[in-house]
Structures are given as C-alpha cells and as structure tokens.
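Using my numbering, the first residue of the sequence shown is number 3, and each one after it goes up by one.
Accuracy of the hints is not assured; some may be wrong.
List time: in silico EDC-like cross-link candidates among lysine to aspartate or glutamate, alpha-carbon distance up to 20 Å [what the hints assert, rightly or not]: (1) Lys72 to Asp51; (2) Lys72 to Glu96; (3) Lys4 to Asp112; (4) Lys4 to Glu99; (5) Lys72 to Asp112; (6) Lys72 to Glu119; (7) Lys4 to Glu108; (8) Lys4 to Asp132.
Hint data in this document are derived by calculation from the structure and do not stem from the laboratory. All values reported here derive from a predicted model rather than from experimental measurement.
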Amino acid sequence: MKTPYDAALRVQQREIDEMSVAISREAGVLAAVEQAQAEASAAVRREADLAGTDMSEGLGIPSHGYFARKRDERRQLTSLQAELSTRLETLRSEAVEAFGTFRTIESAADAFRQEAERVQASAEQAGIDDLAAVAFLKAQRAMRDGQRT
Numbered sequence: 003m004k005t006p007y008d009a010a011l012r013v014q015q016r017e018i019d020e021m022s023v024a025i026s027r028e029a030g031v032l033a034a035v036e037q038a039q040a041e042a043s044a045a046v047r048r049e050a051d052l053a054g055t056d057m058s059e060g061l062g063i064p065s066h067g068y069f070a071r072k073r074d075e076r077r078q079l080t081s082l083q084a085e086l087s088t089r090l091e092t093l094r095s096e097a098v099e100a101f102g103t104f105r106t107i108e109s110a111a112d113a114f115r116q117e118a119e120r121v122q123a124s125a126e127q128a129g130i131d132d133l134a135a136v137a138f139l140k141a142q143r144a145m146r147d148g149q150r151t
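Generate the whole structure from the sequences, applying the supplied hints.
Below you can see the structure in the form of structure tokens.
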C-alpha cells in the first residue's frame with residue numbers, strides 16, 4: 003500500500019546508500035594511508051639498520067637528510083590519518099542519524115498503513131453489520147407478516 007511517506011523513504015534510503023559508499027571510500031583511503039605509514043616505518047628501520055652497518059664498517063654514508071625526509075613523510079601521513087579518521091567518524095555519525103530518520107519515517111509509514119487497514123476493516127465490519135441488520139429486519143418482518151395471516 004502506498005503511503006504519503008514513500009517518497010521521503012526513498013530519498014532517505016538514497017542518502018543512506020550514498021553515505022555507505024562514502025564511508026567505504028574513506029575507509030579505503032584510510033587503510034591505504036595506514037599501509038603507507040607501515041611501509042615508511044619499515045623502510046626507515048631497514049635504512050637505519052643499513053646505516054648502522056655502514057658506520058661499523060667505516061663507510062660512513064650520511065643519511066640524515068633521508069631520515070629527516072622520512073620523518074616528515076611519516077608526520078604528514080599521521081596528520082592525514084587523523085584527518086581521515088575524523089572524517090570517517092563524522093560520516094558514520096551522519097549515517098547513524100540518517101538511519102534513525104529513515105526508521106522514524108518507516109514507523110510513520112507503518113502506522114499509516116495500519117490505520118488505513120483498521121479503517122478498511124471497520125468499514126467492512128460496518129457493511130457486514132448493515133447486511134446482518136437488514137436480514138434480521140426482513141426476517142422479523144416476515145415473521146410478523148406470517149403471524150398476521
């Protein structure tokens with residue numbers, strides 16, 4: 003049964019679907035940033051181990067610039083990760099609100115349907131009652147007419 007709430011439900015469902023896509027996209031980007039952070043940390047550890055080995059062997063290759071660049075890269079990734087996490091949390095909060103709104107509209111639509119069904123059932127019962135009353139009155143009239151003759 004159609005309700006006056008159907009259009010609002012469709013709009014709200016589309017909004018929830020769009021938020022779901024956005025959340026998935028942000029989660030994917032966040033995972034990629036976290037992976038890049040892990041790779042950068044692993045690269046720094048490898049290079050630090052190599053630099054330590056080179057120093058002990060007397061090669062002494064200066065790596066301060068490399069480590070400074072990698073620290074800056076990790077700082078940027080950490081900042082980006084925090085920003086993405088905040089956006090993701092905001093999107094999730096908005097999705098919860100949108101879903102709550104959807105459920106509220108859905109409840110209103112269900113209440114509308116139930117009320118319409120109740121009204122229809124009452125009308126059907128009234129019609130049945132009217133038919134029964136007419137049949138009763140006819141039977142009563144027939145009995146009176148039968149007693150007079």
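Failing hints, ascending?
Violated hints: 2, 4, 5, 6 and 8; rest satisfied.
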